[in-house]
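Now for the letters of each chain:
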Amino acid sequence: MSDRQTVGDILAQRGVSRRAILKYAAWLASAMALPPSASKAIAQSLAAARRQSVVWLSFQECTGCTESLTRSFSPSLEEMIFNLISLDYHETLMAVSGHAAEEARLKAMEENKGKYVVVVDGSVPLKDDGVYSANAGKTNLQTLQETAKDALAIISVGTCAAYGGIPGARPNPTGAVSVGEIIKDKPVINIPGCPPIAEAIAGTVAYLVTFGKVPDLDHLGRPKAFFGDTIHDRCYRRPFYDKGLFAKSFDDEGARNGWCLYEVGCKGPVTYNACATLKWNGGVSFPIQSGHGCIGCSEPHFWDKGSFYQPLSTAMPGMGAGIAAGAAAGVALGAGAAWLARRRQVAYSQQTSKKEGA
Amino acid sequence: MDLLDFARGPALYFALAVFALGTLWRLLGILLLPWGLIRSPAREGSPSPFSSALKGIVVKLWPHKEFMAGGFFTFINGYIFHLGLAIVVFLFVPHILFIKNLFGISWPGLPSNVIYAVGVITAVSLIAAIANRMTSPVLRLISRVDDYISWVMTFLPVLTGLLAVSHLGARYETLIALHILSVAAFFVWFPFGKLMHAFLFVFSRAMTGVRFGHRGAQL
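From first to last, the protein sequence lines are chains A and B. Numbering-wise (the working numbering), the first sequence opens with residue 5 and increments by one. Numbering-wise (the working numbering), the second sequence opens with residue 922 and increments by one.
Only chain A is shown next, with the shape it has when bound in the complex (with noise of 0.2 Å):
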């Protein structure tokens, strides 16, 4: 396949046909809510764009990022972003290993100087110099820092990229931080979820190649088209929260009747992210219509905001000592009060004796 053919010539080659490709440029204005005479133009560039130079670096992660985009039940989708990009590193999915792959990461580079994308899932540690994962004998720092040097721009995909996620949970043995910790001097886009959303990964790096521009970010670094809202006030179940109808337990009328899971720890009025809308799989079900609570997997630190089990609007746990010490203390200060002003009554009445009989 050749590097100079352009997407349009790939789709064409493929049996892609132009209606299928403004129906995805049609989702994607939808998606990235953008208006609707944008997919007209969205169209137009794909087919005109030569394919984007992707370099994927696979970190401290699970490769769950990587399942939710190649096991999407989106073929099309799928099949449209490897169409959209050249693919050109990514340990998991690529067919040569040991100094070919190396080499294929390096040439990428070379030729795509300034202008390919570094899409990255997992955390980086930096504890020991950064010895706790590490690949063709180069720490994961030494990678990332050497291949987002020429880089266009970084796509931290899932939470431990974006930041720290499970390996930075405490007691972060391995001194995990997030891609946007260490690469200062680029744009850094955070695709988070545990593991994101295929469509979110798809769609921001669709944009990438579409307008040659970061999409519109929140203040975590977050595409705005897909974290804009909080998954609560997308909830299909928000109307029982309003009128506080509530599960109490997993096993309940409540949870039978699909009513609000706050009161057993949904996180979701405090998470941004799009599972209420595009949902998984295809559309087909995200976690609360699957009757569990949203665990807040694409907010920082969501590992250690205490249980998942305990409602939002509750403190954190470890507060019984601080409260029955102020407690104890209270009683003593009381008691002592109390038994000085008697001591105090007794001495007046003595005095005030005194001089009576005097």
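Worth flagging that the hints you see were computed from the coordinates, not collected in a lab. Note that the structure is a prediction, hence the values are computed from the model and not measured. Cβ coordinates follow ideal geometry from the N, Cα and C atoms, glycine included. Mixed in with the good hints there might be a few duds.
Stated by the list, open to error - Below, in silico cross-link-like pairs of lysine to aspartate or glutamate (DMTMM-like), each with a Cα-Cα straight-line distance of 25 Å or less:
| no. | chain 1 | residue 1 | chain 2 | residue 2 |
| --- | --- | --- | --- | --- |
| 1 | A | Lys119 | A | Glu95 |
| 2 | A | Lys188 | B | Asp923 |
| 3 | A | Lys153 | A | Glu114 |
| 4 | A | Lys117 | A | Asp154 |
| 5 | A | Lys131 | B | Glu965 |
| 6 | A | Lys228 | B | Asp926 |
| 7 | B | Lys1021 | A | Asp256 |
| 8 | B | Lys1021 | A | Asp246 |
What the hints assert, rightly or not - Computed footprint of chain A on chain B; a stretch qualifies when at least three of its residues, placed anywhere within it, have a C-beta under 8 Å from a C-beta of chain A:
| no. | region |
| --- | --- |
| 9 | 927-941 |
| 10 | 1050-1059 |
Here the structure of chain A is known, so what remains is to put chain B in place on it, guided by the hints.
Here is chain B on its own, set in the frame of chain A:
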């Protein structure tokens, strides 16, 4: 640690510890004082101290008719925001869950929309209360800094709660963190200012009843 974690964690721990310390200190400091200090003999035919205390608590729930004309607004408005606060604090499900987490007891709540409506009425009533305090020459004269701080500490949780529910002004997680922080400030201030009347009004009214009854005065 983000703002919400700080609010749900250290800020709330500190506030509740101070609340427990201060409230028990003041309550025990008063309740452990000697009882029955009235040395004079009771007026003949006067009711028992217990019934006088009960009468003092109940009768003072409503003003004498001669005070109604001048104080009607203060009394009615006082009832509105006190009942409103009680409904919002004790019948909103997330608040019930907070209490359940602390003490292990819970009860049914009201729909969120009802709580929201009551919250708006409470906020308006609180604004009316402070406006009345600041415009009435007599009230202004007898008001101290404590009165104004206590009002702020009561109003802020209501305001931030309403903003959080309506998603107005900032992101939800920021608003809910500010709401919890304002509640933490309320807990810290509670034992040391006039908010303590939530506990002390029972004892002060009871004592008034006992003293009046002892002298044979009409309550």
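(request) Go check the region 1050-1059 of chain B versus chain A for me, would you? Three or more residues, Cβ under 8 Å, otherwise it fails. (result) With 0 residues close enough to chain A, the hint is violated.
(request) Below or equal to 25 Å on CA atoms is what counts here, so check Lys228 (chain A) against Asp926 (chain B). (result) Between Lys228 (chain A) and Asp926 (chain B) the Cα gap is close to 23 Å, so the pair holds against 25 Å.
(message) Tell me if the straight-line CA distance from Lys1021 (chain B) to Asp256 (chain A) falls inside 25 Å.
(response) holds (19 Å)
(message) Please verify whether Lys119 (chain A) and Glu95 (chain A) have alpha carbons no more than 25 Å apart.
(response) Given pair Lys119 (chain A), Glu95 (chain A) holds - Cα atoms ~21 Å apart, limit 25 Å.
(request) Mind checking the alpha carbons of Lys188 (chain A) and Asp923 (chain B) for me, to see if they're no more than 25 Å apart? (result) This hinted pair holds, its Cα atoms lying about 21 Å apart.
(request) Please work out if Lys153 (chain A) and Glu114 (chain A) have their alpha carbons no farther apart than 25 Å. (result) Holds, because 11 Å separates the two Cα atoms, which is no more than 25 Å.
(message) Hinted pair, alpha-carbon criterion (25 Å max): Lys1021 (chain B), Asp246 (chain A). Please report holds or violated.
(response) The given pair, whose Cα atoms are some 20 Å apart, holds under the 25 Å limit.
(request) Starting from Lys117 (chain A), check that the Cα of Asp154 (chain A) is at most 25 Å away, please. (result) Holds, because 6 Å separates the two Cα atoms, which is no more than 25 Å.
(request) Count the residues of the region 927-941 of chain B whose CB lies closer than 8 Å to any CB of chain A, then report whether that count reaches three. (result) That given contact holds, which follows from 10 residues of the region 927-941 of chain B lying within Cβ reach (below 8 Å) of chain A.
(request) For the pair we were handed, Lys131 (chain A) and Glu965 (chain B), check the Cα-Cα distance against 25 Å. (result) Violated - the C-alpha atoms of Glu965 (chain B) and Lys131 (chain A) are around 85 Å apart, more than 25 Å.
Hints 5 and 10, counting from the list given before, are not met by this structure.
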